[in-house]
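**Student:** Quick note, the sequences are listed as chains A and B, same order.
Each residue of the first sequence is one higher than the last, beginning at 1 in this note's numbering.
Each residue of the second sequence is one higher than the last, beginning at 1001 in this note's numbering.
The hints are simulated quantities; they were obtained by calculation from the structure and are not laboratory data.
One or more hints might be untrue.
Non-contacting residues of chain A with respect to chain B, defined by C-beta distances greater than 12 angstroms in every case (computed) [said to hold, decoys possible]: (1) ARG14; (2) ILE18; (3) LEU36; (4) MET65; (5) GLN69; (6) LYS73; (7) LEU87; (8) ASP120; (9) ARG129; (10) SER133.
With the Cβ distance kept under 7 angstroms, some of the chain A side facing chain B (calculated, not the full set) [what the hints assert, rightly or not]: (11) GLN101; (12) GLU127; (13) ARG138; (14) CYS139; (15) GLY141; (16) ALA143.
Glycine included, each C-beta is placed from N, C-alpha and C at the ideal position.
So the chains spell out like this:
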Amino acid sequence: MTAKRDITLNLNGRDFAIGVEPRRTLADAIRDECGLTGTHQGCEHGVCGTCTVLLDGEPVRSCLMFAVQAEGKRIRTVEGLADGDTLHPLQESFMKHHALQCGYCTPGFLVLAAGLLEKDPGIGDQELREALSSNLCRCTGYAAILKAVRAAAEAMRGR
Amino acid sequence: MASEKTRVLGHPVERLEDPPLVTGRGRYAGDINFPHQLHMRMLRSPHAHARITSIDTRRAEALPGVVAVWTHADIAELGPVDFRADRASEILKPYRQPVLADGRVRYVGDPVAAVFAEDAYLAEDAAELIAVDYEELPVITRADQEPGEFDTGLGTEAAFLTHTFGDVAAAFAGAHKVIELDLFTGRHSGVPMETRGAIGRYDAARDVLELHGAAKVPHRNKDTLVNMLGCRPDQLHVYESHVGGGFGIRGELYPEDVLVMVAANRLDRPVKWIEDRMEHLMCANQGREQRHLARVAVDETGRILAMEDEIFHDQGAYVRTHGSNVANRTMCMLTGLYDVPAFKAVTHFRLTNKTPCATYRAPGRFESTYVREQLVDAIAAGLGLDRIAVRRLNLIPEDAFPYVLAFDEPHVGSLEFDSGKYELLMDKALDAFGWEEADKRLAERRAAGEMAGLGIGLFLEEGGRGPSDGAIVSVDTKGGVEVVTGGASLGQGFETAMAQLCAEGLGVDYRGIRVIHGQTDRIPYGIGAHATRATVLTGGAVYQTALTVRAKALDMAAELLQLRADDLDIVDGVVGRRGDPKGPTVTLGEIAKRMQPGSKALGGRAPGLSAEDFFNPTDTVFPYGVHLAQVCVDPGTGGITVERFMVAYDVGRAVNPAMVEGQLVGGCMQGLGGALYEEFAYDERGQPLAVTLADYLLPTMGEAPDIQCLVTEDAPSPLNPLGMKSAGEGGINGVGAAIASAVNDAIGIPGAVTQLPITPQRLRAILRRAGR
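Okay, chain A solo, but in the shape it has when bound (with noise of 0.2 angstroms):
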């Protein structure tokens, strides 16, 4: 189990080749071996969802994953939401609507509300709170994180 396996992923578009333990999360394989710090880890037991990425599309747990079954997948992370310098409409509403505070959770909830809106940017308003209900902040009070999340549908219609 602690020998390393050589693997590859892709992270943004990128390929990264790492060395990593078969048990090592991909959340952890992510931040130390790829050097993307900005998922987060905040219960490391697939509650939370501060560690969410895109897999193929899909929001997913980094926390619960191992790093060897993410080859192969596109992932996508915080890092890959903005397009260079323009910043994607999640980013500009939660930075508009103070829908964030330590930042702490923002990258998970940001990757979580990508993959939910480009799939669908017309989601209910009711489905679209119980999909934002699987991730958890501590400082918002999710008013702010919903009004921002919206605003952001909104403008992702529009386009």
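Guided by the hints, dock chain B onto chain A, whose structure is given.
**Tutor:** For chain B alone, coordinates are given in the frame of chain A:
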């Protein structure tokens, strides 16, 4: 001050903090790495109370990649984690926590050994190879049970504390009616999304021992570490980077912080420790657990004649950095915003075999507000009066300020409430909420068989704790502004607030200001961010210092422009004559250039467009608020739905209304957690029952009600030039009170709720007892 163009004070501007945080470029403790670093893993006690009979670390040490394994014997010369300097109390000192357990463990999670290894996974493997033999000892899990022995000759009641004023006995003897309640506030805590973390590093080239991952009170922790490790202040520095939430519990000095420093020094390699969530839920400070035997004496009109309370405070296994502060704050804030002629509170400050406790957002105030407001509701119910009317009758009137609360005990400092218009805020809140209309509608719903009701909680806050804060403001030759503070940021928007205050004072764009906090090598004095002090104290210092720099700039500009300084204004960093847009101007950058050392333009002036100044307010400030709740109870399940919630709060002066609202709504949500869901429960052997986020239930968006905010500025503080009063804890303070009040109203049984959180099981038990 600054003209309209740069005026951002009082505006909901975007936060300076956000761009790196939304793009994944923040730097939290876990993101900090140093070459050649080791990873620390703690082995913790599985027992709530036991004697350690032997520890065998040999198998762990033999694991390749393990550099060292330490037990108490390896750090025997190191004293326990000390109180903060201002909390020193001789009688509490024997109850401090050792860095590693010294022959005895006192709660599940108590650190027993530390492993230092090349890799975090490996360190965890090694910790599992340490063999410890324990001999279990009797366990105390409640503060209201018979006290036991903490150590030889030392009882578990560490202190018996009292706060009194007035003739309580006479008031009770002459009372029309005495109302009594037995109330309990459950154990919960801040649970920030980022767990704790600490990275120790010794830089031999500079002979400096560094602690990274600090938060909340970096300067205080530096002082404590300097004392504990016996070095010179210039040899140890503490650095705060991004912090993933604090809420009072994060950033205090814990055993692990001390250990990474000692290890970095002794092993001569950087040492990184990142707490996992289970450790966090067993080891980081918890709070709130108190039992109150409270009673109040009233006359026939409902006027309060005296209040009395016997408190059993569960401190957990050790006395941490705050001493008995939370128990003391509980007592001195108990009368709140009511005019109470006589008062007596006593606290049994007791140790139990559970996780140690200290401050969690609105410490002592969430608890005391819950007790006081339940008493007031009970007065109304007992005398058949309207609960709003009873409050109105007892509020401290507008003309009574400054209102002094002086206690008989010579060592207990008096409180001086600076300003307040309590009745005005209550009326505004009731009006904005539509209380009367809602009350009517809910009566109809109840008549139709629903269990729905309204609740109210009035509370007093205390903020802006001194004694002093400093700031250094300097303008560089390109016009950039740096503000160095001894403050701290836990994610509350500290940098933005400081920049807004500096921009207001100096006359520059807030977006061009860099705010430094939590770096002990940049400014020698600082207190940090606790007791909702940052905006008032550090902000006060920043504003004052910015004004000093402004005066220097205008003085120099007057000479350069050949105009009178009094006629000049600074707009977006450009100095010119007020009301003369076409006249001559000079930029702050140019002025800074002209004020460099050796510049001929200096004349007799000291070089540099910069200043350092201190703000020394005479006392703390007292913001206040009103919480209103509307709930619906499902009698079948005991589930409670919060349909509406209002936080009305007088903040004195809002620096950034969006950030104030963020504090209030976020705090309110945490309060709802503590009132309804969150609880650190323990079994009879002291085993914690909530050690994952699947057991410790943080509210999600699914539970989030519509929280309305009403922020007023009707009673600015006379104690600082801008009238600021701070906002950090007003969102949470009255939530337990308002929710309990609403549930009692919904089920139609006054005084039914006696314990927080009001879980479905507890509510079902109440309804069963009432035959419902």
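**Student:** Hint by hint, say whether it matches the structure.
**Tutor:** Okay, the hints, checked on the actual structure:
1. ARG14: Nearest chain B Cβ is 14 angstroms from ARG14(A), so the label holds.
2. ILE18: holds (14 angstroms)
3. LEU36: violated (7 angstroms)
4. MET65: The claim stands: MET65(A) keeps its Cβ more than 12 angstroms from every Cβ of chain B (closest is about 16 angstroms).
5. GLN69: holds (17 angstroms)
6. LYS73: Non-interface label stands for LYS73(A): nearest chain B Cβ at 19 angstroms, farther than 12 angstroms.
7. LEU87: violated (7 angstroms)
8. ASP120: holds (18 angstroms)
9. ARG129: violated (6 angstroms)
10. SER133: violated (4 angstroms)
11. GLN101: Holds, about 5 angstroms.
12. GLU127: Interface hint status for GLU127(A): violated (12 angstroms vs cutoff 7 angstroms).
13. ARG138: holds (5 angstroms)
14. CYS139: CYS139(A) check passes; min Cβ-Cβ to chain B is 5 angstroms, inside 7 angstroms.
15. GLY141: Hint on GLY141(A): holds, closest Cβ of chain B at ~3 angstroms, below 7 angstroms.
16. ALA143: Holds - the Cβ of ALA143(A) comes within 7 angstroms of chain B, reaching about 5 angstroms at its closest.
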